[in-house]
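Protein chains in written order, with my numbering: chain A, 196 to 559; chain B, 17 to 442; chain C, 471 to 752.
If you're looking for bench data, these hints aren't it; they were derived computationally from the structure.
Some clues are possibly wrong.
What the hints assert, rightly or not - 20 Å max Cα-Cα, derived PhoX-like pairs, lysine-lysine: (1) B:K432 to C:K582; (2) B:K49 to C:K582; (3) C:K582 to B:K48; (4) A:K469 to B:K128; (5) B:K283 to A:K363; (6) B:K283 to A:K409; (7) B:K283 to A:K417; (8) B:K122 to B:K157; (9) B:K168 to B:K154.
As the list claims (entries may be wrong) - For the chain B half of the interface with chain C, some residues (derived, Cβ under 7 Å), not all of them: (10) V59; (11) P73; (12) L239; (13) S269.
Claimed, not checked - Footprint (simulated), chain B over chain C, 3 or more residues, beta carbon under 8 Å: (14) 505–514; (15) 564–577; (16) 604–610.
None of the values given here were measured: they were computed from a predicted structure.
All residues carry an ideal CB built from backbone N, CA and C; glycine is no exception.
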Amino acid sequence: MKKVFKHTLIASAISIGLVGTAVAKDLVVVSWGGAYTASQQGAYHEPYMAANPDIKIINDDSANGAVAKLRAMQEANNVTWDLVDMVAADAILSCDEGLVDEIDFDTALAPAPDGTPASVDFGDLLVSPCFIPQIVYSTTFGYRTDLVGDNPPTSIADVFDLEKIPGKRSLEKKAINNLEWALLADGVPADQVYDMLGTDEGVARAFAKLDTIKDQVIWWEKGAQTPQLLADGEVVIGSTYNGRLFSVIEEEKQPIAMMWDWQVFDLDGWVVPKDAPNKAEVMEYLKWATDTQRLADQAKFISYGPARASSAPLVGKHATLGIDMAPHMPTDPNNAKNTLLYNFNFWADNVDDLNERFTAWLNQ
Amino acid sequence: MNTDLAQSNVNESGEMITADGVPLRISLLRAKKRARNRALLLVAPLFLFILVTFFIPIISMLFRSVENQVVGDVLHRTVPLLQQWDEHGSDLPNEEIYAALAEDFKEAFENKSAGSVGRRLNYEQSGFSGLFRSTNRKARKLEPPFKEALIKVDKDWGDIDVWRVLKRESGSYTLSYYLAALDSSYTPTGEVYKNDASNSIYLPLFWRTLWMSLLITVLCLILAYPISYLLSTLPIKTSNLLMILVLLPFWTSLLVRTSAWIALLQKEGVINDLLVAIRFIGDDQRLTMIHNATGTIVAMTHVLLPFMVLPLYSVMKTIPPSYMRAARSLGATPFTAFVRIYMPNTVPGIGAGAILVFIISIGYYITPALVGGQSGTLISNFIAYHLSSSLNWGLAAALGTILLGAVMVLYIVYDKIVGIDNMKMG
Amino acid sequence: MALPLHATTGEKIWYYVYRAICGLIFFFLIAPIVVVIPLSFNAVPFFTFTPEMLAFDPAGYSLKWYQEFFGSLNWQGAVKNSFILAVFSTLIATVLGTIAALGLSRAEMPAKTLIMGILISPMVVPIIIAAAGMFFFYSDIGLASTHFGVILAHAALGTPFVVITVTATLVGFDHSLTRAAAMLGATPTRTFFKIIVPLILPGVISGALFAFVTSFDEVVVVRFVGSYQQRTIPWAMFSGLREQISPTILAVATLLVLLSILMLTTVELLRRRNDRIRGITN
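All chains, full assembly: derive it from the sequences and hints.
This is how it looks when you write it as structure tokens:
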């Protein structure tokens with residue numbers, strides 16, 4: 196009797212185990228949609244699902260406004276997301292508010308192939324204890340090669356020079372980056388930009404510089420707008436994320452070129468929501484999806500630099516175009532002569548205030 | 017009436033009675049009450065449904081415009097003690113308060129709750145976010161004397177204005193979101209002042225929303241009047257056919273119409289191409305008609321025009337043509353007859369259409385979001401921005417309350433002029 | 471409004487000028503809707519007529535945006551969601567709205583204006599305010615990011631139309647008809663289905679169509695209350711218009727125009743039937 200019971204127990208344990216593997220687990224992964232999600236799909240999701248048939252990754256393209264939704268889910272104790280893609284600033288904010296989990300980088304993430312622990316491999320890019328960076332992207336400029344004549348823009352000052360580059364330009368409808376660029380174009384040395392923006396005079400000076408081009412600016416809100424505006428000839432030059440410009444130049448073959456001067460580096464990566472429904476599965480996925488080879492693989496699909504130092508040498512050719520991706524990385528030495536790193540601490544304190552002043556300035 | 021018969025239906029106190037012997041008055045009242053209850057019972061399910069799915073959500077959201085629990089909840093030791101501290105004096109709080117603050121920070125570190133308070137107070141004064149973050153990082157290591165320790169962590173704890181803001185915003189409710197929504201702020205000592213022009217956003221935005229809605233309403237009226245008149249005077253067959261041109265846009269998805277306007281108005285769009293093709297403008301002089309106020313006004317006028325045509329048309333249908341003929345026969349010129357006789361009769365239709373269009377315009381979101389650019393966005397777009405991008409939910413709720421108030425006033429006016437039960441569709 | 475025979479020259483000129491003005495206004499109303507149709511067959515990914523299109527060169531036209539629409543899981547998911555959400559929210563809105571309208575049209579209904587005012591308010595309250603309220607509240611009660619939550623939200627937005635159209639068909643409803651039926655021995659149920667339903671049916675159907683369109687065309691509430699799993703056609707169009715503008719949106723728009731023609735025809739036929747039943751002839 197006892198034996199029979201034991202056998203039944205084992206049998207049912209096995210069948211439960213079988214059922215457990217037979218029923219696929221859905222992981223809801225929130226990201227930006229478009230080309231970016233496609234690159235994650237190609238580099239991470241598809242290979243992972245092929246190797247783990249019990250996991251189904253569902254792409255939810257609502258990374259825009261994700262902090263708001265995450266906060267509302269948390270207030271209601273009803274978190275439905277497993278993994279969220281965020282820019283570093285949002286990740287820092289979510290971490291401060293306790294919306295996302297802290298991660299022990301060295302145990303949760305894979306070491307580099309040579310054994311270097313993850314925390315060293317990612318190095319300075321670990322800007323928050325909750326945030327696993329995937330890529331370094333930059334906000335930079337693209338211009339219409341056919342509309343600028345023989346005098347293409349070469350420096351940030353040219354963006355503000357209506358005589359050299361006449362016509363409309365597109366800039367993001369935010370204070371961030373524009374104020375820095377205005378000061379740089381006005382001759383402020385890079386290491387003094389944030390000190391200066393901390394003062395009223397510095398902010399006034401930045402706005403005064405922006406005033407000189409204000410009526411020639413189209414303000415964008417989504418990363419795809421500048422490529423579209425450039426392709427339509429609505430603007431001559433415009434800022435956007437470098438990966439978007441890569442697509443419009445190399446994939447759509449539009450007459451557009453990059454102007455990398457004073458590109459601003461920023462990070463994008465993963466956060467795990469507190470109380471995520473499938474935490475164990477997500478952590479397993481993360482360990483795999485953020486290893487050295489996977490981060491390098493993403494660069495086959497989109498021109499963003501991998502966040503691990505050990506991934507850089509592995510960056511190869513584009514998956515479909517077959518061109519070398521290294522020269523298109525924002526971190527390539529030829530492109531990175533003058534760069535600014537997004538100042539997370541400064542903007543965490545000043546983003547509300549300066550965005551408000553920026554909006555008021557726009558409306559004047 | 018036969019007196020005998022009537023007599024038999026009257027009881028001793030002289031009241032009419034029914035066949036059951038119940039006084040007729042009471043029986044009638046009962047029947048009326050039953051009928052009333054039946055009517056109420058029919059309405060009740062929808063009423064409750066609207067209450068739960070629509071009203072309670074909105075009211076609880078509006079409540080966020082004054083709600084301010086987070087400061088008192090997280091700093092629950094500091095806040096009660098702060099009430100005894102004199103914010104008008106020139107002395108910093110005493111050691112006891114600093115000690116309470118240090119305790120609160122230690123607890124907040126465990127709960128990860130300091131960030132929310134820092135962010136909340138950062139709306140009042142820039143720098144609170146950083147102050148709370150840096151203090152939070154070192155919370156575990158704080159040792160007495162806490163005053164010195166905290167000021168060492170961040171010198172802002174030695175700034176009396178920081179404490180004044182903290183005390184002012186320590187209550188469970190706050191008015192500061194409404195102040196912000198009206199472009200005003202507090203001085204550190206608590207006086208209200210109006211922001212200078214370089215920091216005013218919302219009042220100009222409310223004005224812009226109002227004047228653009230008004231302009232759209234007027235444009236709709238100017239465009240709707242002639243065609244409504246034509247429709248109401250044509251033979252029914254022809255007018256039904258032409259009515260399709262009004263109703264088709266009305267039934268077509270808003271996003272379809274907005275996409276269509278993008279295709280028409282953009283730089284490389286149909287209208288600019290046409291103007292270039294007929295050499296009205298050069299290829300380099302293409303007009304900017306989208307991503308600005310023009311785009312919003314044109315697209316919204318198109319979207320809302322049917323809302324003006326339909327009420328005007330239904331009023332004009334009821335005006336007998338004999339009025340005009342009578343005026344003409346009495347010697348009025350066609351113009352005088354039209355202005356003096358016909359137009360006054362259409363005022364109810366004008367009122368109904370105009371208020372309807374105006375109400376819809378001031379709360380409009382989608383079209384301005386897609387074609388409005390910077391100068392063509394309205395108050396709704398800013399509410400959406402604060403909800404999902406800046407995450408300042410209190411400010412979004414305050415702006416929403418003001419907007420909702422304006423709409424409700426107009427709704428009541430509409431009810432007084434047109435009557436809600438006279439609203440017709442299609 | 472034919473031109474009188476004795477019209478003066480001035481009147482004649484005005485007559486034609488006036489008609490021309492009206493023609494332009496009708497053109498303004500209909501042209502944007504018509505223009506999307508040829509543009510959706512564009513061979514290049516722009517919102518504009520290419521020289522090949524204008525020359526009626528077949529090379530300038532293509533069906534690829536329709537292929538993209540029908541071939542994309544993304545769009546197909548949106549189509550499926552749109553129909554699921556619209557059908558169920560219409561059902562709820564129609565049932566609740568019709569019952570309420572029956573109550574509202576009774577003479578004994580107390581505080582009629584006030585109650586009517588409240589029931590119709592979802593139509594008047596700016597959509598962003600409703601969306602914000604629902605965003606927080608539905609999250610709190612666990613309905614956010616579910617089909618059911620969006621269905622409830624859309625049903626609330628759709629009910630005013632049902633209430634209005636059904637109430638309108640009941641205006642001038644002769645209550646002696648139901649009393650006569652009762653006197654002739656009909657049960658209340660039988661009276662309802664034999665007398666009331668045929669009379670209000672046109673109103674119910676056009677109200678339901680309005681409720682359907684309200685949900686089918688709604689983009690703000692669904693974006694706040696729902697998540698990607700509830701993504702609808704207008705949602706996909708909205709984000710498409712803000713991000714990657716492609717003529718696929720115009721292909722979708724063309725299909726939606728066809729749908730609206732279908733619905734407009736239905737509503738018109740119903741309206742005429744209703745007028746006929748109630749003896750109102752034009």
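Going through the hints against the structure:
1. B:K432 to C:K582: Roughly 14 Å between the alpha carbons, so the hint for K432 of chain B and K582 of chain C holds.
2. B:K49 to C:K582: 15 Å, holds
3. C:K582 to B:K48: Holds - the C-alpha atoms of K48 of chain B and K582 of chain C are around 15 Å apart, at most 20 Å.
4. A:K469 to B:K128: 11 Å, holds
5. B:K283 to A:K363: Holds - the C-alpha atoms of K363 of chain A and K283 of chain B are around 12 Å apart, at most 20 Å.
6. B:K283 to A:K409: 19 Å, holds
7. B:K283 to A:K417: Given pair K283 of chain B, K417 of chain A holds - Cα atoms ~19 Å apart, limit 20 Å.
8. B:K122 to B:K157: 9 Å, holds
9. B:K168 to B:K154: The given pair, whose Cα atoms are some 11 Å apart, holds under the 20 Å limit.
10. V59: Check passed: Cβ of V59 of chain B comes within 4 Å of chain C, closer than 7 Å.
11. P73: 3 Å, holds
12. L239: Result: holds, 5 Å to nearest chain C Cβ.
13. S269: 5 Å, holds
14. 505–514: Holds, because 3 residues of the segment 505–514 of chain C bring their Cβ atoms closer than 8 Å to Cβ atoms of chain B.
15. 564–577: holds (count 8)
16. 604–610: holds (count 5)
Hint check: no violations occur; every hint is consistent with the structure.
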